[in-house]
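Got two chains here, each in a separate frame; can you build the complex from them with the hints?
Each protein sequence line maps, in turn, to chains A and B.
For the first sequence, the positions run 1 to 113 when this note's numbering is used.
For the second sequence, the positions run 1 to 111 when this note's numbering is used.
It should be emphasised that the hints constitute simulated quantities derived from the structure, not laboratory data.
Computed from a predicted model, the values in this text were never measured in an experiment.
Just so it is clear, CB atoms sit at the ideal spot from N, CA and C, and this is done for glycine as well.
Derived contacts from chain A toward chain B, CB cut-off under 10 Å, selection only: (1) T2; (2) Q41; (3) P43; (4) E44; (5) Y48; (6) S58; (7) L91; (8) E100; (9) L102; (10) F103; (11) G105; (12) S106; (13) G107; (14) Q109.
Listed below, chain by chain, are the residues.
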Amino acid sequence: DTGVSQDPRHKITKRGQNVTFRCDPISEHNRLYWYRQTLGQGPEFLTYFQNEAQLEKSRLLSDRFSAERPKGSFSTLEIQRTEQGDSAMYLCASSLGYNEKLFFGSGTQLSVL
Amino acid sequence: KNEVEQSPQNLTAQEGEFITINCSYSVGISALHWLQQHPGGGIVSLFMLSSGKKKHGRLIATINIQEKHSSLHITASHPRDSAVYICAVLLRETSGSRLTFGEGTQLTVNP
Numbered sequence: 001d002t003g004v005s006q007d008p009r010h011k012i013t014k015r016g017q018n019v020t021f022r023c024d025p026i027s028e029h030n031r032l033y034w035y036r037q038t039l040g041q042g043p044e045f046l047t048y049f050q051n052e053a054q055l056e057k058s059r060l061l062s063d064r065f066s067a068e069r070p071k072g073s074f075s076t077l078e079i080q081r082t083e084q085g086d087s088a089m090y091l092c093a094s095s096l097g098y099n100e101k102l103f104f105g106s107g108t109q110l111s112v113l
Numbered sequence: 001k002n003e004v005e006q007s008p009q010n011l012t013a014q015e016g017e018f019i020t021i022n023c024s025y026s027v028g029i030s031a032l033h034w035l036q037q038h039p040g041g042g043i044v045s046l047f048m049l050s051s052g053k054k055k056h057g058r059l060i061a062t063i064n065i066q067e068k069h070s071s072l073h074i075t076a077s078h079p080r081d082s083a084v085y086i087c088a089v090l091l092r093e094t095s096g097s098r099l100t101f102g103e104g105t106q107l108t109v110n111p
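Only chain B is shown next, with the shape it has when bound in the complex (with noise of 0.2 Å):
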């Protein structure tokens, strides 16, 4: 069993639905990050957190560091949204800095 699990593995919306990606992770953190990744392989960190919520234009991020339980929330999604959404944590138990990656959520906004 991964220690990060992502749900779901894949997702297709239409233009303007409310979108959430889902993540769970068994142990303990230090941080939880949220990356996108469009074809080509370029990846982009969205949000860094390790409590509360935060909001960067369409984009929410919230965490619930009791439950283990992350969720990435997409507003009045556009097909530029199109991408891999990756949650990745920083494990508590971990002197480096090593990051554990879930598998990915494939978003595919239609027009």
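Chain A extracted, bound-state conformation (with noise of 0.2 Å):
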């Protein structure tokens, strides 16, 4: 246990509906990170926060999602209208700060049918 959780572990959903990951930090954290991982390939940056400011988004993260941490304490991702590209494993990962050691939760697995 890295200290890290992730809810739900696994989703699966219809495509064209809503769904919502929570990420809970390691709690002194100021830093959370998502991450989104497809089968045989390293993660993908989606985007960061430091407290609770958005600071990068990658361009995967399309108008579809959008992420918060309200209070710099957990985070949520939400995918509204998923498409079955969708599907993978979303990972969250937390650091002290900048270069720092990161720590990663167990990820939600997003299969969209």
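Here it is in structure tokens:
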């Protein structure tokens, strides 16, 4: 257990539905990251937060994706109008700060049917 | 061409063998991470390097900044070392904390 928890572990949804994932980072970590990983590939950066501020977003994060980190604690990643191409493992990680060791959650596996 | 290249993509070894996984990158970096991913998705950070060499148990990681190359070594490999090993770099040009990942090396250690 790395101390970063993600919920749910698995999500199966139908195309067009909205889904929301949650990440609870290690409590004193002010940086929180979202990554997406498809089978056989390394993770790809989606977005990151410094406390409650979303400081960077990848071009991968289309307007159907939104992430929040209210009060700089847990974070949510919402995907609206899901598409089959959204099927992937969504990983959350946290760190104390810039260039610090990352701690990853176990991920949420999304399957869009 | 990926900014981070790992080799080999797949590696099968017998228990007890010395294992080397390589990572090359094409741009200036602030740091390099070696990560281990087990089936089911969980990723564990093994090392973070900006220069030289680090050792933890049977694992050794080295980095050569001039050659833009890092290696992860496993001594006396064991079946429980079977996992995907991922190299990730923090690019120097990036103002944030975006990590760029290699595609991973699938290691299988047979008893």
